[in-house]
Amino acid sequence: MFLVLNNHRIQWERQVPPGWELIHIPGTELRSCNTPHGIAMLSEVQVGPYLFSMLYLFRKTQAPWQLRLADTTAFHCVFSCSGQWHVQCSATLQHCLTSSQCYCWKGSSFEIEPVMEIGTMLQLLWISSQEPPLFMKATDNRIFVQADAGILEQILQLTQTSFFPQPRAFHEQLIQDLFHSIQLAASRPYHLPQRYTTAELETIRRVAMQMEKHVDEHQSIAEWAEWSGLNRQKLMEGFKSLFGTTIYGYYQDKRMQYAKELLLTTDQPIKFIAKKLGYRNTTNFSIAYKKFFGITPGGMRKTGVDASTLI
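If you're matching positions, the sequence shown starts at 0 in numbering that gives the first Met the number 0 and goes up one per residue.
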C-alpha cells in the first residue's frame, strides 16, 4: 500500500515500536513508520482476490494529519474499527465514525483526515480488489453506504483472531456477502452525516467528558447547549453522530455505571444513591436500574453480578 502522510510518502520498516507487536492481524507481518507527529502501522493479508489491510494511526502531537492512499488497485472498501475520521466525498468533508458506515471508491487516490486526540489511535480496515463489484457502475467513483453490521462484525472478528484456521473459501464468501449488502444499500437513498468542524467535534467531546465527570449533576440539553456554545439541534445531532446514541442515552449509561460503582464499593443506602442520581424515589431508580442491568440494585449489591454479563 502506497500511503502519503502530510505530503510525505510513508517508508515502511519491519521494526515495530515496543509495545505494539501484538496489535496486528495474527499470522501476518506488521510494518511501521515512526513520524514526528505519530506512529503509522500496517498489517496486510491476501485472501483470494481480496487484500486485507489493517492500518493503525497513533497520534503524538496536535499537528493536523492528512492521509492519502495511492496505488493501482481498482476498488477499495474502508471501515473504521476504532476511532473517527473525515473522508472527502462529493467535494465535501464528511464525518465518519466507528459503525457499519462504509466508504467505497474506485481509482488510485483517496484522502482522509483522522479525528484523534493525542495518545489515541485510529484503526481502519481496507478491503481491496483488482475488480470492482457489480454495484460500482462505470460512472460511480465513490459511494458512502451503510453496510450490514453483522457481516462486518464477523470480518472484524477474523482480523482479531486468525485468517488461517478456517478455509479461505469461507473468508471469500464472507466478503462477497458484505459486498452484496453494500450493493443493496447502494440501491437505497442514504443521507450522509451532517458535517462538523474539528472544533465542533472537540466541543461535543468536551460536553461528554463534563457529563461523565459531573454525572450526579442533572443539566438539561438546553443547559448543555448553552455551556458548549452550540445550538441545541447541532449538539443533539452531533452527539448522536459522534457516540452513536442520544445525549440522554449517553448520560443514562454513565449514570447507571456510577450507580453500580456506588452499590459495589460503598455501603451507602440505595435510597441515598437514588436521590444522588436525581431520582425522586427508590422505586423509579430500581425500575431504571433493572431495565439497564437486568437486576435490581439490591440484587446486584448482594451478588455483585449484573444479568447482562450472564450468557
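Derived from the structure by calculation, the hints contain no laboratory data.
Hints are not guaranteed to be accurate.
Think about it this way: if two alpha-carbon atoms lie no more than 20 Å apart in a straight line, the pair counts; the simulated SDA-like pairs of lysine to any residue are [said to hold, decoys possible]:
no., residue 1, residue 2
1, K253, K274
2, K275, Q218
3, K301, F271
4, K59, F74
5, K253, M210
6, K105, K59
7, K270, M255
8, K212, Y247
9, K105, S128
10, K233, M255
11, K212, Q175
12, K59, E28
13, K270, F291
14, K275, E260
15, K212, S227
16, K301, G277
17, K239, I220
18, K259, K239
19, K233, E201
20, K259, S227
21, K289, T264
22, K212, R300
23, K212, F242
Pairwise hint evaluation, Q175 against K212, where the allowed Cα distance is 20 Å at most: 44 Å, violated
Satisfaction of hint between F242 and K212, Cα-Cα up to 20 Å: 17 Å, holds
Pair hint outcome, K59 versus F74 [Cα-Cα no greater than 20 Å]: 31 Å, violated
Agreement of K212 and S227 with the hint, judged by alpha carbon distance not exceeding 20 Å: With Cα atoms ~15 Å apart, K212 and S227 stay inside 20 Å; holds.
Straight-line alpha-carbon gap K233 to M255, limit 20 Å: This hinted pair is violated, its Cα atoms lying about 26 Å apart.
20 Å Cα cutoff - pair K289, T264: Since the Cα atoms of K289 and T264 sit roughly 19 Å apart, the hinted pair holds (cutoff 20 Å).
20 Å Cα cutoff - pair K259, S227: Violated: K259 and S227 sit about 29 Å apart, past 20 Å.
20 Å limit on alpha-carbon distance, applied to hinted pair K259 and K239: 25 Å, violated
Restraint check for K105 with K59, where alpha carbons must lie at most 20 Å apart: 32 Å, violated
Given pair status - Q218, K275, alpha carbons within 20 Å: 14 Å, holds
Pair hint outcome, K301 versus G277 [Cα-Cα no greater than 20 Å]: Violated, at about 23 Å.
Holds or violated: K270 to M255, with C-alpha atoms at most 20 Å apart: Measuring from Cα to Cα gives roughly 15 Å; hence the hint holds.
In this structure, the hints that do not hold are numbers 4, 6, 10, 11, 12, 16, 18, 20, 22, in rising order.
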